[in-house]
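Q: Spelled out from the first residue to the last, the chains are:
2 protein chains.
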Amino acid sequence: MNRKLEIVITELEVITQLRKVAAVLAWDQETYMPSGSAQARSEQISLVLSLAHARFTSDTFRQSLAILVDLDGGAIDRDGLDLRQVRLLENVWHDWRRATALPVEFVGELARLTSQAQHVWQEARAQNDYARFSPYLEKIIDMKRQEARFHGFEDEPYDALLEDYETGITTKQIEQLFAVLRPALIELVGRIKSSKVPDRHALLTQEFPEDLQWEFGMEVLSDMGYDLKKGRQDRSAHPFTTDFHPSDVRITTRLNARDLSMGLFGTIHEGGHALYEQGLEAKYFGTPLCEAISLGIHESQSRLWENYVGRSMPFWRHYYPRLQARFPGQLGAVPLDDFYAAINAVRPSLIRVEADEVTYNLHIMLRFDLERALLNGDVTVKDLPGLWDQAMAKYVGVTPSTVAEGVLQDIHWGMGAIGYFPTYMLGNLYGRQIYEAALAQIDDLEERIAQGDLLTLREWLRDNVHRLGRLKRAGELIQDLTGQPLSAGPFIKYLQAKYERLYDL
Amino acid sequence: MNRKLEIVITELEVITQLRKVAAVLAWDQETYMPSGSAQARSEQISLVLSLAHARFTSDTFRQSLAILVDLDGGAIDRDGLDLRQVRLLENVWHDWRRATALPVEFVGELARLTSQAQHVWQEARAQNDYARFSPYLEKIIDMKRQEARFHGFEDEPYDALLEDYETGITTKQIEQLFAVLRPALIELVGRIKSSKVPDRHALLTQEFPEDLQWEFGMEVLSDMGYDLKKGRQDRSAHPFTTDFHPSDVRITTRLNARDLSMGLFGTIHEGGHALYEQGLEAKYFGTPLCEAISLGIHESQSRLWENYVGRSMPFWRHYYPRLQARFPGQLGAVPLDDFYAAINAVRPSLIRVEADEVTYNLHIMLRFDLERALLNGDVTVKDLPGLWDQAMAKYVGVTPSTVAEGVLQDIHWGMGAIGYFPTYMLGNLYGRQIYEAALAQIDDLEERIAQGDLLTLREWLRDNVHRLGRLKRAGELIQDLTGQPLSAGPFIKYLQAKYERLYDL
Numbered sequence: 001m002n003r004k005l006e007i008v009i010t011e012l013e014v015i016t017q018l019r020k021v022a023a024v025l026a027w028d029q030e031t032y033m034p035s036g037s038a039q040a041r042s043e044q045i046s047l048v049l050s051l052a053h054a055r056f057t058s059d060t061f062r063q064s065l066a067i068l069v070d071l072d073g074g075a076i077d078r079d080g081l082d083l084r085q086v087r088l089l090e091n092v093w094h095d096w097r098r099a100t101a102l103p104v105e106f107v108g109e110l111a112r113l114t115s116q117a118q119h120v121w122q123e124a125r126a127q128n129d130y131a132r133f134s135p136y137l138e139k140i141i142d143m144k145r146q147e148a149r150f151h152g153f154e155d156e157p158y159d160a161l162l163e164d165y166e167t168g169i170t171t172k173q174i175e176q177l178f179a180v181l182r183p184a185l186i187e188l189v190g191r192i193k194s195s196k197v198p199d200r201h202a203l204l205t206q207e208f209p210e211d212l213q214w215e216f217g218m219e220v221l222s223d224m225g226y227d228l229k230k231g232r233q234d235r236s237a238h239p240f241t242t243d244f245h246p247s248d249v250r251i252t253t254r255l256n257a258r259d260l261s262m263g264l265f266g267t268i269h270e271g272g273h274a275l276y277e278q279g280l281e282a283k284y285f286g287t288p289l290c291e292a293i294s295l296g297i298h299e300s301q302s303r304l305w306e307n308y309v310g311r312s313m314p315f316w317r318h319y320y321p322r323l324q325a326r327f328p329g330q331l332g333a334v335p336l337d338d339f340y341a342a343i344n345a346v347r348p349s350l351i352r353v354e355a356d357e358v359t360y361n362l363h364i365m366l367r368f369d370l371e372r373a374l375l376n377g378d379v380t381v382k383d384l385p386g387l388w389d390q391a392m393a394k395y396v397g398v399t400p401s402t403v404a405e406g407v408l409q410d411i412h413w414g415m416g417a418i419g420y421f422p423t424y425m426l427g428n429l430y431g432r433q434i435y436e437a438a439l440a441q442i443d444d445l446e447e448r449i450a451q452g453d454l455l456t457l458r459e460w461l462r463d464n465v466h467r468l469g470r471l472k473r474a475g476e477l478i479q480d481l482t483g484q485p486l487s488a489g490p491f492i493k494y495l496q497a498k499y500e501r502l503y504d505l
Numbered sequence: 001m002n003r004k005l006e007i008v009i010t011e012l013e014v015i016t017q018l019r020k021v022a023a024v025l026a027w028d029q030e031t032y033m034p035s036g037s038a039q040a041r042s043e044q045i046s047l048v049l050s051l052a053h054a055r056f057t058s059d060t061f062r063q064s065l066a067i068l069v070d071l072d073g074g075a076i077d078r079d080g081l082d083l084r085q086v087r088l089l090e091n092v093w094h095d096w097r098r099a100t101a102l103p104v105e106f107v108g109e110l111a112r113l114t115s116q117a118q119h120v121w122q123e124a125r126a127q128n129d130y131a132r133f134s135p136y137l138e139k140i141i142d143m144k145r146q147e148a149r150f151h152g153f154e155d156e157p158y159d160a161l162l163e164d165y166e167t168g169i170t171t172k173q174i175e176q177l178f179a180v181l182r183p184a185l186i187e188l189v190g191r192i193k194s195s196k197v198p199d200r201h202a203l204l205t206q207e208f209p210e211d212l213q214w215e216f217g218m219e220v221l222s223d224m225g226y227d228l229k230k231g232r233q234d235r236s237a238h239p240f241t242t243d244f245h246p247s248d249v250r251i252t253t254r255l256n257a258r259d260l261s262m263g264l265f266g267t268i269h270e271g272g273h274a275l276y277e278q279g280l281e282a283k284y285f286g287t288p289l290c291e292a293i294s295l296g297i298h299e300s301q302s303r304l305w306e307n308y309v310g311r312s313m314p315f316w317r318h319y320y321p322r323l324q325a326r327f328p329g330q331l332g333a334v335p336l337d338d339f340y341a342a343i344n345a346v347r348p349s350l351i352r353v354e355a356d357e358v359t360y361n362l363h364i365m366l367r368f369d370l371e372r373a374l375l376n377g378d379v380t381v382k383d384l385p386g387l388w389d390q391a392m393a394k395y396v397g398v399t400p401s402t403v404a405e406g407v408l409q410d411i412h413w414g415m416g417a418i419g420y421f422p423t424y425m426l427g428n429l430y431g432r433q434i435y436e437a438a439l440a441q442i443d444d445l446e447e448r449i450a451q452g453d454l455l456t457l458r459e460w461l462r463d464n465v466h467r468l469g470r471l472k473r474a475g476e477l478i479q480d481l482t483g484q485p486l487s488a489g490p491f492i493k494y495l496q497a498k499y500e501r502l503y504d505l
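Protein chains in written order, with the numbering used here: chain A, 1 to 505; chain B, 1 to 505.
Simulated from the structure, these hints should not be mistaken for lab results.
Owing to the predicted nature of the structure, the values given are computational and were not obtained by experimental measurement.
Treat the hints with care, since some could be wrong.
[As the list claims (entries may be wrong)] Covered stretches of chain B (chain A as the covering partner; in silico rule of three or more C-beta atoms under 8 angstroms from a C-beta of chain A):
#1 38-49
#2 85-99
#3 378-390
[What the hints assert, rightly or not] Interface residues of chain B toward chain A, partial, derived using beta-carbon atoms under 10 angstroms:
#4 32
#5 178
#6 180
Using N, Cα and C, we set each Cβ at its ideal position, and we do this for glycine too.
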């Protein structure tokens, strides 16, 4: 390899390892760490991440990168480099520019603010007290505006923040996608509300012993091709996926004996994320070629498995008898069609994480509109609860009775993660487009799934998405796979076809 | 605080945190890590430890230390420092001198060699093939001789190696202790062998369901005052204690349904280690004042709880009815005296980790003699298996039939840990002296234990040992607590009194 590139990659490997070490510490914190050591652990995580940040933004690293890349404009000296190496450097420069755009004091101040804000948010939510949290949110919005100015932007500050979560996408694109989604979803929700088809949701809130739920989830994970020699599942308060290397990708789930879908679809969702990380090429570990493209593409993999596979009829043709065998008393006499209706019940609700496929993106749209308006100064933090409730009533048709189940429900803003929410919507759209490419390219994919063959799909995803790392941007990947740009069309058509049948519309 | 000292301490805190981070990674490796990620994890641990080492041996740290300490001789500039701070600096200088005495290349080479040697040792033991391992051991002994020369020594190279595990002790002192132990132990074993008292050991090899063993162990740990908000127990192949901060001290155990004593005494042993770490003063975290004195003193705490408390009659007066209640079928009809005889059965055996209180130190003596002779060039690696077997026959009265249960049984030499074994013997001796000081100073200690009060002892140990950190050296601690120097006398007297009664001698 090019000696100059090697110097950059060797240092990147160290930086990446430090980040992964911090991820191990965080995984332990959420799973097994004793409650009394929160303070010590938080200091350990901060230390390791700050060492990684210091190396990445150091003069030494700047100098070795500058030999290969024009640090101002990002032009790569391609001499002796292949395409893969050029892409690698483009991504490194992108990340480096993002990391070095913010003054160290600013980063420290924001970290302290959001660390406090998360604690305050927890208390405020528990006490249903928006006024307790709002001064922190005001400061966060101020700092986020400042952050956008440090990065620079063409149209509006939100563009600069989006870039951290979904490289290359613009506020205008998100807006246009929602402009297509909004009327279609509201119209579909309206029709579903007037349907006479009975709601089967109560089937899922019988008593389902947690150990049997766990076993069923492990069976599905194993069939999906989640390699348990290179991963494991544990329990935590909030499910997540984390990776320390392609050979160590872990997920967590949460189980509730009175809610079958929480654990089941949570497990499949995290399993989808985990397959992505296990499918990255370990030989590129440390570089962007062994990293996921974006949060949106990551979410496409979890949503594809959770919804397009896990909430599909073919999947349950195979798995429903197996689930019935584990829960004969609860489901033995329930026909597949009723179970399928239950797991796909559309029930407009206040809480995003409990939302069904149809209403989910409306929750995201509301958040996108509000955070964008906050950044642009069109609305104030003070006005937020009222605006939230209005939008919920308008889009989803329900009104929160408390701020805890309204504007205070998500941790994201307290974390300073402004611009994160749209990636959930993008995940649904990318996921549908990718799944339809798989349907087009794999013979009888749904037949295979109906026979319990999930591995063919996993292999296809591995070849066409996972192993690429960040060789392509999200838009490029979708264009190459589907021949079409990112679009809400396939997702909307899918929802319409599925729910018209389910609700006899 | 003295500004110059503060600079040293701030950097020490970072170095310590990095070591603790590596300990978290190692804990995960031994408990929950998927098997397929061994390679990635070993790189992560190496990286973090090498960053810690680089900082500790850096010019920057040297310069800030040099302001307070004469780096050649260790004299402290006491101006404005209290005794605690002086002791802190003496320890830092001691550790720094040890860390900087070895050239970086030497450290790297030794790390590579011992990493390989441990793999080879595992294979060699499995295949019962000493010749597979011996070339590695030869290199290790060579490098250890070299290491001793780097550190320098007065009498013999073994002194220089001992210092890493038991600061301030000499080979001559160890030799003198064994000179007292040897005849006393051999004589006692001989008398026990000729005793007519029946062996009750089979009581412990009935079927004891592992979950019930676990519950009983947790009950004892909790009574010992092991704070489960600042610690936890898990299972692993080999039991160990690890600490990430006084607020996060974890132990592991291993359970075997056909061996009650393995899990039970393993748990109490690690619990003793854990109480020490939980009892260190968190406000000094990062410095030697929040570190254990030595391996020997650490082992004194585990052996005190395991043997002097956990294998004592007062302890079982309280706990035996509780154990019987958990295992009524196995132990309900067994009298306390028989159970007490079973857990204290002296059964000369080949394997150190399974040895009883009486023969244990003979296993250590054998290793001490051999590793010292290897370093001095008095014996060769090639001669080791034969010498091992001869010594086993002479001291313990049994002869290995394979090298796997002979010279290859311990991982220590493959790790390069030459000079470690004597700390096990020291732990038994220190532990007995400390326990007798507790007996002298706490009214009715054994009465309290017989009533299930273990906390009084824990408090005494916390006040008199744990919270001191490295304020005193091991010998100083023993002298201050007991008015006597380190001595084998109390241990031998204890064994004689206990086993003469048990074996009706």
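Q: The structure should be examined with respect to each hint, and the outcome stated for every one.
A: Hints, verified against the model:
no.: 1; hint: 38-49; verdict: holds (count 7)
no.: 2; hint: 85-99; verdict: violated (count 0)
no.: 3; hint: 378-390; verdict: violated (count 0)
no.: 4; hint: 32; verdict: 6 angstroms, holds
no.: 5; hint: 178; verdict: 40 angstroms, violated
no.: 6; hint: 180; verdict: 43 angstroms, violated
When held up to the earlier numbered hints, the structure conflicts with 2, 3, 5 and 6 and fits the remainder.
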